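Peer 1: Sequence:
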Amino acid sequence: MYRYSLLTLALASSLTFPVFADADNDQTEKIEVVGSRLALRTATDSASPVDIITGQDLAATGMTETAKALQFLAPSFNFPQSSVTDGSDAVRPANLRGMSPDHTLVLVNGKRRHGSALVHLNGTASKGSSNVDLNAIPMTAIKRIEILRDGAAAQYGSDAIAGVINIVLKDSAEGGSLEAKGGQTYAGDGQSWALGWNQGLTLLGDGFVNLSLQAEHKNRTNRAGPDSRQQYPLLTDGSPDPREQTFDRKSFQIGQGEYKNAALFVNAAKPVGDNGKLYAFGGISERENISGAFYRRALDSRNNTNIYPDGFLPQLAPKIRDQSLYGGYKFTVADWDIDSSLGYGKNRFKYYVDNSLNVDLGDDSQSHFYAGALSTSEINANLDASRFVSFFNGSDLLVAVGAAWRKNQYQIEAGEPNSYYGSGSQGFVGFNQESTVKQDRHNLGFYLELENQLTDAFYWSSAVRREDYSDFGSNTSWKLAGRYQLSDHWAVRGATNTGFRAPSVQQLYFTNVSTLFVTNPDTGQLEPQESGTFNSQSQVASALGISELKPEKSKSYSLGLVYTGDSGLSVTLDAYQIKVDNRIVLSSSLESDDAALPDSVRSLISSAGADSARFFINAVDTTTKGVDLVASQNWDLGSYGSLKGSASFGYNKTDIDSVHLPSILGGLEDELFNNVEQVRMTKSNPRSKGSLNLTHSLGDFDTTLRLSYFGTYSVGYTNETVKYDAKWVTDLAVKYHYSSQLAFTLGAQNLFDTYPERTVADQTYNGVFKYPVGNTPFGMNGGYYYLQADYKY
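Here this note's numbering is used: the first residue of the sequence shown is 3, the next is one more, and so on.
Calculated directly from the structure, the hints in this document are not laboratory data. Small disclaimer: the values here were computed from a predicted structure and weren't measured. One or more hints might be untrue.
Stated by the list, open to error - Keeping only pairs whose Cα atoms sit at most 27 Å apart, straight-line, the calculated DSS-like set for lysine-lysine is: (1) K348 x K321; (2) K729 x K646; (3) K655 x K581; (4) K252 x K172; (5) K272 x K332; (6) K440 x K352; (7) K646 x K552; (8) K552 x K440; (9) K725 x K627; (10) K321 x K352; (11) K272 x K145; (12) K252 x K272; (13) K409 x K352; (14) K183 x K646; (15) K555 x K581; (16) K627 x K581; (17) K555 x K627; (18) K627 x K557.
Go ahead and model the full structure; you've got the sequences and the hints to work with.
Peer 2: Spelled out as structure tokens, the structure:
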């Protein structure tokens, strides 16, 4: 009897593909699937496309953030950088296939991972969404990552519309490793260091405990342009203040914030009896991030010159804690393989504001504020069972059934009173008592999956799942997938499925009033505005006829062609379409002085202490179409060593099919979901993305060259849409094996110091924003060089 470990066959499709697996590793030939008891399948036998990225692949990038490494290794994974976007500077959104981050389900060891408490609100490419913080999982703990590029809601429930990411933790019972790394940008800032450790230990003879630790620190980078605005009030005679000539006009901080992160993870298992196994895994991470807000000039009404005579740059300094623990028991009874598990995860995001003030407190205002906290927690209980039964034509049918119960809780905690008194702390206004909330919901799901290798050439799978939620009702999803071997070298595969995404508890209950800088349509300049974000249960939303949020529903199709050559070449080409109805969006802001709105609504917005209001609303239907091409090949070069290569290219396009609003807002589609938001949803991710990875090994040296292509993308502004050029980014690393245990790597990320295209002249905010601050696909730090040492024992 075989046991497997890729995406659990709670996936009902054999998800296998050797995109990045090492040529000397059995994974290039055979893939393991958690929960599946089918005969071993070759790596290209999958009915759905999946990328397999090993821990060695991640480490070879020279990067320390899990999500950033994936961006340069996975064909359809995006992890853009933003700046001056509040909490999103600390927890950046990531997505698959150009869709929303919350359309991707994340698993660890095949179990659902909890999400971040943060909702992305201000200017990011994935505004209105929340996501799993992949960087809370240290790379030193990861054995491999499996990315399913297909819908899987029928197997796992909510969220798996664009795909599934499964992170498999290291499980060695012996040996260990240490790593140290340091580097800085070509510009001379962004100095960083990282330390990593992994240790495998035996547990009571035949079990294992695997421990991993990672700590890192990154200094800030600054790519701000000079602020050309007038900084000081005019003198009494009307002449400019002489300090205008000596003021340091690089007053903003645009780029990477100061970042500190430490994480500890553990993975353990112990056989029990003849056919049982106890297992547990989990971890904790702590992060601090310091990033800049908008600079407050000396002449601004929200400054107090007795405290800051030259103005000030508020700094958002959140502290984030992420923790999780899963435990379970696997056993066999009456030919049924059973897996019972219970897991808990929590994420807490505490807001602090430094170098700030509350102008309404006068000269006694403090400069440091606690502005409140967001937290989300999740409890998951699962019972899964599978067995084989005899089927048609003498084949075996895998039958898998299971039940899952989940409880989500979301909480907003108020900040200290001075953070929200009057105009509040500059940079980030604290959560007031009216914003506090503590809500939860639960759901119960049941699924049935069937999988069968009917003939030597034809494989099929199916799944159906029913979910019942305590707040909005029920949903049923299904999936069909199949693969047919046309010849020794060619095969076709395809799948169709329906899916859904329940509104996150963050979207259901988040509410706050904060300072946003929005474009004045008359002057074209950014100006501060108190913007209220209201949930669908608020009085303001009710007055506008906005109903409570309901699930998004999807229907997807995929069709692929697979080629495997005698020389080891493997190529897959997969096309897909994903249609999503009732997508939840964070609307554009409605102004309290907009004459098109009813007086009652304008009054409600003003009484909430806001100049404008925006809402989470099921408002948009979209269709995403795309194609992914992936190839891999390894060569034995004899006396010239060996060469491992892989290449990928992905293209996708999202269109808005319709925008539907309550009758009271009829005709206001362009106001409630304006050009800025429409472009953000459909064009903010690169339409195309590609990579070429080559690793040459000869003697004691490994040389890795990686070329990454980021296609064109667009940014929507109030009165225009700007398309930014495609760019190539080159990485190069040389690794020297001093001994079988010790190795040194000298590398350069972004070898040729490539930057995004410059922001168009009329959107630079008086010269400050040299690059689009809300979204740069590969960041704006430029080149980075590093030295790394690795020791294995």
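Peer 1: Determine for every hint whether it applies to the structure shown.
Peer 2: Verification of the hints:
no., hint, result
1, K348 x K321, "holds, 14 Å"
2, K729 x K646, "holds, 25 Å"
3, K655 x K581, "holds, 12 Å"
4, K252 x K172, "violated, 45 Å"
5, K272 x K332, "holds, 10 Å"
6, K440 x K352, "holds, 16 Å"
7, K646 x K552, "violated, 47 Å"
8, K552 x K440, "holds, 20 Å"
9, K725 x K627, "holds, 20 Å"
10, K321 x K352, "holds, 5 Å"
11, K272 x K145, "holds, 19 Å"
12, K252 x K272, "violated, 58 Å"
13, K409 x K352, "holds, 22 Å"
14, K183 x K646, "holds, 25 Å"
15, K555 x K581, "holds, 8 Å"
16, K627 x K581, "holds, 9 Å"
17, K555 x K627, "holds, 16 Å"
18, K627 x K557, "holds, 12 Å"
Going down the numbered hints, you'll see the structure goes against 4, 7, 12, while the others check out.
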